[in-house]
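Participant: If you're matching them up, the sequences are chains V and Y in order. If you want the working numbering, it's the 1-based position in the first sequence plus 100. If you want the working numbering, it's the 1-based position in the second sequence plus 11.
No lab work stands behind these hints, which were simulated from the structure alone. Glycine included, C-beta positions come from ideal geometry on N, C-alpha and C. There may be inaccurate statements among the hints.
Covered stretches of chain Y (chain V as the covering partner; in silico rule of three or more C-beta atoms under 8 Å from a C-beta of chain V) [said to hold, decoys possible]:
#	region
1	85 to 91
2	212 to 218
Label-pair ranges, simulated between beta-carbon atoms [stated by the list, open to error]:
#	chain 1	residue 1	chain 2	residue 2	range
3	Y	A116	V	H233	40 to 48 Å
4	Y	N79	V	V264	52 to 60 Å
5	V	A375	Y	E162	34 to 42 Å
6	Y	L30	V	E382	35 to 43 Å
7	Y	L225	V	N378	41 to 49 Å
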Amino acid sequence: MNELAVELEGVCKSYRFFELDDIALQLPSGTIMGLIGPNGAGKSTTIRILMGLVHQDRGEVRVLGHSMPDEQVAAKWDVGFASDDMRLYDSLTLGWHMNFMKSIYESWDAGYAQLLLKKFGLHADQKIKGLSHGQRVKATMLLVLARRPKLLVLDEPTTALDPVARHEILRELTDVMVDEDRSILFSSQNTQDIEQISDRITFIDRGRIIDSMDKEAYLDRWRRLRLEVPVGVALPALPGIIGIRQTGRLAVVIANAFEADLPGAYENSGARVQAVENMTLEEIFVANVERSREGVTV
Amino acid sequence: MNGSVVRQLALKDWRLHRLQVILSVAAGAAALGLFQIGREIPVVLGATWFFVTLVLLACMLPMSNVVNERKKHNLAFVMSLPISPRQYAMAKILSTFGMFLVSWAILVVAAVWLIEARFPHGVIPVSVVLTGLVLTGFCLMASVAIVSESEGWATAAIIVCNSSYGVIWYLIIRVPETAKEVGGAVAVWSPRVLRILATEAALVIFCLGLTFYLQSRKRDFI
């Protein structure tokens with residue numbers, strides 16, 4: 101069995117005003133990867149390339165062991181895809197859509213579909229045009245999940261959902277992972293959603309992957325130190341520090357490779373460590389993007 | 012397994028547009044009903060209504076079955092299914108062309124049957140040529156819609172085709188032999204008529220082939 105559900109290597113795609121540059125990404129089977137990036141970062145383009153909807157100019161893409169886009173038909177039998185700009189047919193009922201999916205996928209689990217109908221509070225005989233935005237997203241998720249795909253590729257599925265609907269969707273995604281062979285690639289701007297369910301995090305900005313690692317490693321390695329710097333003391337350049345902002349005698353230091361001896365090193369230099377704080381994924385994301393953009397522009 | 016997906020997609024399009032197709036056939040049949048009255052004004056009105064019905068269906072189907080699928084963001088849903096761009100094109104060609112061809116064939120056969128029963132048979136060849144032109148125009152409009160998936164280009168194709176019908180019908184009718192044959196009691200399938208029909212058929216096949224070729228070379232779908 102292939103151990104990588106998704107593998108991108110050296111993937112490039114050029115548009116007139118945007119370029120996806122040398123994307124490399126690996127999603128091991130059985131994991132949930134959160135793809136985080138600001139608007140226009142390249143999340144959707146990456147996912148579309150992954151699904152064979154857009155063809156890469158260069159580079160290799162493999163999904164469940166199939167080369168994309170050439171083997172997209174074979175790959176898509178086992179991939180469930182949903183995106184925030186995907187719409188079902190307004191004039192038809194959810195029940196019609198369920199029967200449609202059942203007629204295509206032998207793996208369709210009618211019992212699970214009925215269970216999801218109840219859990220999501222949906223009615224099979226309701227037309228799609230009569231559903232709210234949240235209900236439409238849930239209906240799409242039902243159609244994707246009841247196929248029992250090996251890989252779920254979700255492009256901002258929780259965008260514009262209320263907190264309850266978001267929670268219902270995320271809980272269902274977590275339940276999917278009870279089966280260890282399943283994998284999820286989940287893109288979002290909402291770092292809370294990603295933090296809640298992901299094992300691995302990938303940051304993307306301006307068409308480039310800027311970082312990718314285990315979520316726990318991120319949260320462990322990133323710290324914010326608040327220092328009091330007496331007059332005449334200069335903060336030393338230490339490894340693992342990616343940003344220092346000093347206002348008068350107060351300094352905020354961001355570390356992306358925090359080690360236990362780091363506060364001591366600052367104390368030895370004459371500064372006083374007021375606090376060592378954990379950072380949220382959102383703070384890490386913003387710091388990462390800022391660092392990447394400074395690196396690009398300098 | 013995959014032929015089944017193409018079939019399901021084509022059936023889905025039939026399900027979505029069945030009312031449009033049924034209403035068009037009913038409107039065309041009602042137009043032919045005016046022929047039964049037999050007097051000049053009802054016949055002229057019936058013939059106009061009949062062609063308007065065919066032309067309307069030829070314009071509406073590519074817009075609603077192809078362009079709207081992209082406009083209403085259903086394309087991402089369809090393309091997430093296990094099909095290739097080539098198979099998607101096949102499903103669209105089967106459904107769009109199939110729906111029009113069935114409606115067109117029912118109405119044209121009914122019109123020919125009615126003419127045979129009540130009018131001089133000389134009008135049959137020119138009627139087939141004129142309705143064949145609508146079929147050719149439909150193929151061109153549908154091909155542009157499928158390949159471009161653009162409302163603008165599809166609308167441009169509709170305008171060009173609809174503007175051309177009048178000119179081409181006029182050019183066909185004004186040929187003296189045609190005018191003479193139309194009034195005759197016997198249907199004359201002259202070499203000229205057969206050449207026009209062959210050209211129409213060739214254009215239909217060319218449009219279908221080019222659509223399939225261009226669609227299978229597309230690199231970006233959404």
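Participant: All hints are to be evaluated individually against the structure, with a verdict given for each.
Facilitator: Tested hints:
| no. | hint | in the structure |
| --- | --- | --- |
| 1 | 85 to 91 | holds (count 5) |
| 2 | 212 to 218 | violated (count 0) |
| 3 | Y:A116 to V:H233: 40 to 48 Å | holds, 43 Å |
| 4 | Y:N79 to V:V264: 52 to 60 Å | violated, 33 Å |
| 5 | V:A375 to Y:E162: 34 to 42 Å | violated, 58 Å |
| 6 | Y:L30 to V:E382: 35 to 43 Å | violated, 49 Å |
| 7 | Y:L225 to V:N378: 41 to 49 Å | violated, 55 Å |
Violated hints, listed in ascending order, are 2, 4, 5, 6 and 7; each of the other numbered hints is respected by the structure.
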